[in-house]
Every structure is written in C-alpha cells, then in structure tokens.
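Student: So you can see what is in the structure, the chains are spelled out below.
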Amino acid sequence: MDKMPKWADIVLIPLISLFLAAFFSALVILAIGENPIEALKLMVDGALMRSAGWGYTLYYATNFIFTGLAVSVAFHARLFNIGGEGQAMLGGLGVALACLYIDWPHWSLAILGASVGAACFGALWALIPAYLQAKRGSHIVITTIMFNFIAAAILNYVLVELLRPVGAMDPASAKFPEAVHLPTFQDMFSTEGSKLFRGAPANVTFFLALAACVIVWLLMWRTKLGYQIRAFGHSESGALYAGISPVRITVIAMLISGALAGMMSVNTTMGESERLILNSTEGAGFIGIAVALMGRNHPFGVLLAAILFGFLYQGGAELALWTSIPRELIVVIQALVILFTGALDNMVREPLEKLFIAMRRRNA
Amino acid sequence: MDFLTLLQVLDTSVRLATPLLLACLAGLYSERSGVVDIGLEGKMLAAAFFSAAVAFYSGNAWVGLLAGVGASVALAVIHGLASVTFRGNQLISGVAINFLAAGMTVLVAQSWFRQGGRTPPLEGDARFNPIELPFAIGPSDATAADRPLSQLIAEAGPLQQFYSELISGHSSLVYLALLTVPATWWLLFRTRFGLRLRAVGENPAAVDTAGVSVVWLRYAAVLLCGVLCGVAGAYLSSALQAGFVKDMTAGRGFIALAALIFAKWRPVYALWACLLFGLFQALELRPDIIENVIGLKVQVQLLGALPYILTVVILAGFVGKAIPPKASAEPYIKER
Numbered sequence: 000m001d002k003m004p005k006w007a008d009i010v011l012i013p014l015i016s017l018f019l020a021a022f023f024s025a026l027v028i029l030a031i032g033e034n035p036i037e038a039l040k041l042m043v044d045g046a047l048m049r050s051a052g053w054g055y056t057l058y059y060a061t062n063f064i065f066t067g068l069a070v071s072v073a074f075h076a077r078l079f080n081i082g083g084e085g086q087a088m089l090g091g092l093g094v095a096l097a098c099l100y101i102d103w104p105h106w107s108l109a110i111l112g113a114s115v116g117a118a119c120f121g122a123l124w125a126l127i128p129a130y131l132q133a134k135r136g137s138h139i140v141i142t143t144i145m146f147n148f149i150a151a152a153i154l155n156y157v158l159v160e161l162l163r164p165v166g167a168m169d170p171a172s173a174k175f176p177e178a179v180h181l182p183t184f185q186d187m188f189s190t191e192g193s194k195l196f197r198g199a200p201a202n203v204t205f206f207l208a209l210a211a212c213v214i215v216w217l218l219m220w221r222t223k224l225g226y227q228i229r230a231f232g233h234s235e236s237g238a239l240y241a242g243i244s245p246v247r248i249t250v251i252a253m254l255i256s257g258a259l260a261g262m263m264s265v266n267t268t269m270g271e272s273e274r275l276i277l278n279s280t281e282g283a284g285f286i287g288i289a290v291a292l293m294g295r296n297h298p299f300g301v302l303l304a305a306i307l308f309g310f311l312y313q314g315g316a317e318l319a320l321w322t323s324i325p326r327e328l329i330v331v332i333q334a335l336v337i338l339f340t341g342a343l344d345n346m347v348r349e350p351l352e353k354l355f356i357a358m359r360r361r362n363a
Numbered sequence: 000m001d002f003l004t005l006l007q008v009l010d011t012s013v014r015l016a017t018p019l020l021l022a023c024l025a026g027l028y029s030e031r032s033g034v035v036d037i038g039l040e041g042k043m044l045a046a047a048f049f050s051a052a053v054a055f056y057s058g059n060a061w062v063g064l065l066a067g068v069g070a071s072v073a074l075a076v077i078h079g080l081a082s083v084t085f086r087g088n089q090l091i092s093g094v095a096i097n098f099l100a101a102g103m104t105v106l107v108a109q110s111w112f113r114q115g116g117r118t119p120p121l122e123g124d125a126r127f128n129p130i131e132l133p134f135a136i137g138p139s140d141a142t143a144a145d146r147p148l149s150q151l152i153a154e155a156g157p158l159q160q161f162y163s164e165l166i167s168g169h170s171s172l173v174y175l176a177l178l179t180v181p182a183t184w185w186l187l188f189r190t191r192f193g194l195r196l197r198a199v200g201e202n203p204a205a206v207d208t209a210g211v212s213v214v215w216l217r218y219a220a221v222l223l224c225g226v227l228c229g230v231a232g233a234y235l236s237s238a239l240q241a242g243f244v245k246d247m248t249a250g251r252g253f254i255a256l257a258a259l260i261f262a263k264w265r266p267v268y269a270l271w272a273c274l275l276f277g278l279f280q281a282l283e284l285r286p287d288i289i290e291n292v293i294g295l296k297v298q299v300q301l302l303g304a305l306p307y308i309l310t311v312v313i314l315a316g317f318v319g320k321a322i323p324p325k326a327s328a329e330p331y332i333k334e335r
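Top to bottom, those sequences are chains A and B. Heads up: the first sequence at position 301 corresponds to 300 in numbering that gives the first Met the number 0, and the numbers run straight through without jumps. Heads up: the second sequence at position 204 corresponds to 203 in numbering that gives the first Met the number 0, and the numbers run straight through without jumps.
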C-alpha cells in the first residue's frame, strides 16, 4: 500500500515546497530592506497584466520548457544531466550554421532545418558523456559539468575566430538573413486596431515547445522505448533482467535530453537575437533542473513550472527596473526552489507520510 | 624564455593554484566521507563576499576570514542537512547551494554597498599582504636601495632569484594552504578519525556496525569542507584580489573538483594537480610565452578548457583510472 494518496505526492508536496521557497524568498527581500508584497505586485503587474509582459514571460517559458524537458527525460532514466547549458550553447551553433549557410525560401522550412541542426548539435554534445557513463562508468554529472565549460570555450573560439564577420568587434556571428525571421507574437496576434505583445520576443517557437511537451509525453508513456527508459530508471537490475540494455538506454535517453536542450537555442538564437551571441543561454540550462524538479518530471508539470519561472524572470527584470532589488533575486528564488523541491524533499515528505498513515489508522 | 620569466610564471601559478588547492582539499574531506560536493563553487563565492565585506568594515583581513569561513560553513550545514539528515540528492543540493551563493552575494552586496554587486576595494590590513621571508629580496630592500624591485631581482644570482621570486613574497594563506596538504594526509591516513572517515565513504554499514556514528562523521567531513572552502574564498577576495566582484570564483570550484578527480582523491596528488591547473591559468594570462617556447600559437580558449578536458580523459579511464569512494553520493539508511 502506498504511504500516501497520489494527489498528495503530485500536488501537495510541490505546493508545500513552493510555499517554503516563497516564504524564504520573502524573508530575503525583507532582509535587504524591501517590501515583499510590493515586490510581488510589481512582478505580477510587469509580467502578467499587459500582453507585452506575457510576451516576455512566454518567451522565457519557451526556453525553460525545452531545458526542463531535457532534464526530466534524463531523470526518468535516473541520469542527472547538468549539461543542458553546454548542450544549448552547441545547439545555438547548430542553429547559426543552418541559418547562415543554407538559403531558406521561407521561415517555416528554416525553423525545421534549424531545429534539426540544434537537436543534432545538442545531442552530439550529450553523446560523449552518455557513452562514457554507459561504457566506462565515468560519472555523468561530472562529465556534463566539464562539458559545459568545454562548450563555452568552443563557442568562444568559434565566435571570435571563425564566425565573427570581418571588422566586427563583438564576438557574435553575422545577422541571419531576413528570410529566416520567425514571426513573433506581435506579428501573429496584432490586429489593425490594437497592437498586442508590442516588442516582446515571444515567437512561434513557443508552439514548437508545446509540441515537444506532447511528444515527450507520448514517448515516455505510450511507447516501448519510454517504458524501457522509465523501467531502467526505476531499477537498473530489473531492467537488465527484462532484457533492456543499459548502454542503449543511457545513450538514447541522453541523446533525447541533449537534443531537447539544444532546441532551446531555436528560441533564443533564431527567434530573438537573430544571430549567434556568446551568452545566449543565460543559465536556462540550469533552470531546467528547477523546472524538472518542480514539474515532477511530467511534461504538463514542466509546462506549468516553466511558465512560473518565465513569470519570475520577467517579474525579476521589472523589479530590477523599478526598485533597487537586483535581478539576482531570481537566482536566489531558483536556488530555494531547487533546494526545497529537490534536495530537502524528504524534509516535507516524511512528516506528511507520517500524518497520512496516522489518519488512516484513525479511520480504520 | 629566460630563467626569470619561468620563475615569474611559476610564481603566478602558485598564487592561482592556492584557491584551487584549498577547495580541492575541502572536497577531498567531503567526498572521502561519501558526500559528493558540487557546491564548492558556491561556498567559495559566499566566503569571498562575506570575508571582503567584513574585512572592509573591520579593517582586518583575519576578522574577514572568520566571517567568510562562517558563511561557507553555514552553506555546508545546509548541504549536511540535505544529504545526511534528510538523505536527499547530494548533487541537487550542491546545485542549489551554488545558485544560492551566486544570488545572495550580489543581493547583499547591492544592499550593503550599492556598487552593482561588488565591495569597495580593500586596502592595507584589510588584505592579506605578501610576507617577506628572511634573506629574500623584497619591497623593503627596494625602498632601502631606492631602486625598482624587478631590477634588484634581475641582478641577483639564480638561487636568490628562485628564493625571492618563487618562495618568498606570498600571502600567509598561500603557505597555510601548502601546509594543509601534509596536515590532511596525516589526518586522513595516520589518525583514527581519518581511518573512520575513509571507511564511512567506502562502507558506511561497516562503520555503523563498529558502533561509530555515520551521521557524526559525515557532518564532521562536510563542516571541514566548509572551513577550507571559506579560506579559499577569503583568499580570492582579500589576497589574490582586493575586494569582491560578482561571480569572482569563475568556475574555480569546478576546476577544484576536476583536480580532485585528477588526483584520485589523494592529498599529495591534489597538490600536483592544482599546481598543474594553476599553471594553465597562469599561461592563459601570458599566451605570448607559449608562443615563444613551442613556436606555435595556442588558443587561450584551449588553455582555459584544458583542465576540464584532462579530467574527462582521466574519468574515461584512458589514462589511469579514477575510482571514487565506493559509497559516494549514497545516503546511508540505518537498518532497523
């Protein structure tokens, strides 16, 4: 018999963890001499009360959906892919090469091509740590951390020495051609009379991210491969008995994870900056960890958590604009969410389990 | 390249290797007890800020050091709670600690100093100043002779150059870090505490059966790790540089982690690994030297990535095999 009902596991625990994270964030804001309620109001106003605010919120959410899905797919195979950042950086390189060197007739074809480029580069960057984990037993967390730094060095080299246009100063590629410009929410939803999402970077990639959620759900819960990945994550020895190859599952799960992380760059590089820049990932690869933990590794949960973090990001930018609270507040909140939903999970779970068992005894 | 340039590069290597060495030994205690710590970076960063801030207010670098160690130990306690008491995922806890430090340092710095997430520059006794060893040529000789120091050293004999340039003239924390290496070796391999600490990282159940508390040992290791990370952070902000700037650890915690693997979790190897990675960092600052010596232009990005690449190669087991303590990252659940 389960220790507690399923709804408590899926809804109650994340909510309590989130509440704890929010409570400590409020304390932090108080400690630096600001008013947490005022701060929250500013964040809601800036991120959710105007269509432009939503345009930013959903733009950030798009990144976090991809990286959150990436982390969660690896989590299902009990692999901790901390290398989303590096995979997304290299994914950006894939996007840039696809956009700069192929003559696309229309953006709809270009986004497919760029996605393939991003996914391939991201997956390739996850392949080596996956292979080393599966075949040589090198711990994937350490190798993916190292690969983040190596990716940053490669990107730096490629931008400074190879892709930078002659005479340009900043380490960035040339601007992508006009044909690969992705329609933004402003292009799509504005009517003659009213302009919606003015100037916001949210673009058609958001729908690609939604599609990725559905595809990951289908893959994980409706296919044999997904079943094998989850079985492997549940019990490696059990999976081995059932004839599931650990090497194959480790490599495939990491390839999918890397591809998803790489796809994030379609949003940032193709949808927003329209050229490859040095720091386009802005830590989104790491936020994927918080998103996957909060979303309980389920695509729908990831979607909700990604929108929450999108709100925090846009709200944090508004705070930095109107108050003296720096943007790093978001980093603190993100840390607290990871701490309470991930590392201190048992702190919330164990008392709750005891509570439910006690209640059941009384009812029986 | 002449002898003096070589000495200068090695001198810089020692300076840059010191924070790596302290953090690496910090990680060594933790990981030897079976608690993986990828939060070295965060603990160093928090210590760097709090030591610089308190040193600025108090005007005393040692008081700052204490504050830095305090901040680092506080984060270590969180890591201990998450990974020992609540048996959570140690890797996730480390990630959280890194972000907590990255955010909090800027937040508090902005609130205290309003200088965009930095502390004001440290001067005088608020910094750890270089120590001049006896018989070495140092700044005081230069003032006495009223000539530039570089000239005096250039005229000295090779042995005196070696002594004055490389051995003398570091801050006290550099010598402290070097002393920590034999101290760690002695503690881990020559004391009862060390034997138990290593045992708890390999087979906690056996230690438990022998009637020794697994929880206490792991907390001791995690706290020692916090203390050493604190010293590393204080060194960064008040000895290597004069004040805290945002994200000043710049991946050093991860290079230390890499060095720990490279050293196969052994203190003396850790010294060599950190000196090697310190040399890479020193050469990254002087790419012209490599070009002069081997006649090839080496990309600075390659030098920066070299510690990480070497670690992956070592981890892959192509050159020697790095085997971590057996109970790494596994919470211990007492049998009932």
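There may be inaccurate statements among the hints.
SDA-like, lysine to any residue: derived pairs with alpha carbons at most 20 Å apart [as the list claims (entries may be wrong)]:
#1 K245/B x N278/A
#2 K325/B x F79/A
#3 K296/B x K40/A
#4 K353/A x K263/B
#5 K263/B x H138/A
#6 K325/B x N155/A
#7 K40/A x T322/A
#8 K296/B x V159/A
#9 K223/A x P200/A
#10 K245/B x K223/A
#11 K333/B x R348/A
#12 K263/B x F188/B
#13 K134/A x L309/B
#14 K174/A x N296/A
#15 K296/B x H138/A
#16 K134/A x G316/B
#17 K263/B x I332/B
#18 K245/B x L123/A
#19 K2/A x I332/B
#20 K263/B x G193/B
#21 K296/B x N278/A
#22 K245/B x D8/A
#23 K134/A x V312/B
#24 K353/A x E334/B
#25 K353/A x D8/A
#26 K2/A x K263/B
#27 K134/A x K325/B
#28 K296/B x S244/A
If you are wondering where the hints come from, they were derived from the structure by calculation, not from laboratory data.
Student: Hints first: check each against the structure and report whether it holds.
Tutor: Hint-by-hint comparison with the structure:
{"no.": "1", "hint": "K245/B x N278/A", "verdict": "holds (16 Å)"}
{"no.": "2", "hint": "K325/B x F79/A", "verdict": "holds (19 Å)"}
{"no.": "3", "hint": "K296/B x K40/A", "verdict": "violated (55 Å)"}
{"no.": "4", "hint": "K353/A x K263/B", "verdict": "violated (42 Å)"}
{"no.": "5", "hint": "K263/B x H138/A", "verdict": "holds (14 Å)"}
{"no.": "6", "hint": "K325/B x N155/A", "verdict": "violated (37 Å)"}
{"no.": "7", "hint": "K40/A x T322/A", "verdict": "holds (12 Å)"}
{"no.": "8", "hint": "K296/B x V159/A", "verdict": "holds (15 Å)"}
{"no.": "9", "hint": "K223/A x P200/A", "verdict": "violated (38 Å)"}
{"no.": "10", "hint": "K245/B x K223/A", "verdict": "violated (48 Å)"}
{"no.": "11", "hint": "K333/B x R348/A", "verdict": "holds (18 Å)"}
{"no.": "12", "hint": "K263/B x F188/B", "verdict": "holds (15 Å)"}
{"no.": "13", "hint": "K134/A x L309/B", "verdict": "holds (18 Å)"}
{"no.": "14", "hint": "K174/A x N296/A", "verdict": "violated (36 Å)"}
{"no.": "15", "hint": "K296/B x H138/A", "verdict": "violated (34 Å)"}
{"no.": "16", "hint": "K134/A x G316/B", "verdict": "holds (10 Å)"}
{"no.": "17", "hint": "K263/B x I332/B", "verdict": "violated (27 Å)"}
{"no.": "18", "hint": "K245/B x L123/A", "verdict": "violated (32 Å)"}
{"no.": "19", "hint": "K2/A x I332/B", "verdict": "holds (18 Å)"}
{"no.": "20", "hint": "K263/B x G193/B", "verdict": "holds (17 Å)"}
{"no.": "21", "hint": "K296/B x N278/A", "verdict": "violated (26 Å)"}
{"no.": "22", "hint": "K245/B x D8/A", "verdict": "violated (38 Å)"}
{"no.": "23", "hint": "K134/A x V312/B", "verdict": "holds (14 Å)"}
{"no.": "24", "hint": "K353/A x E334/B", "verdict": "holds (19 Å)"}
{"no.": "25", "hint": "K353/A x D8/A", "verdict": "holds (13 Å)"}
{"no.": "26", "hint": "K2/A x K263/B", "verdict": "violated (41 Å)"}
{"no.": "27", "hint": "K134/A x K325/B", "verdict": "holds (18 Å)"}
{"no.": "28", "hint": "K296/B x S244/A", "verdict": "violated (45 Å)"}
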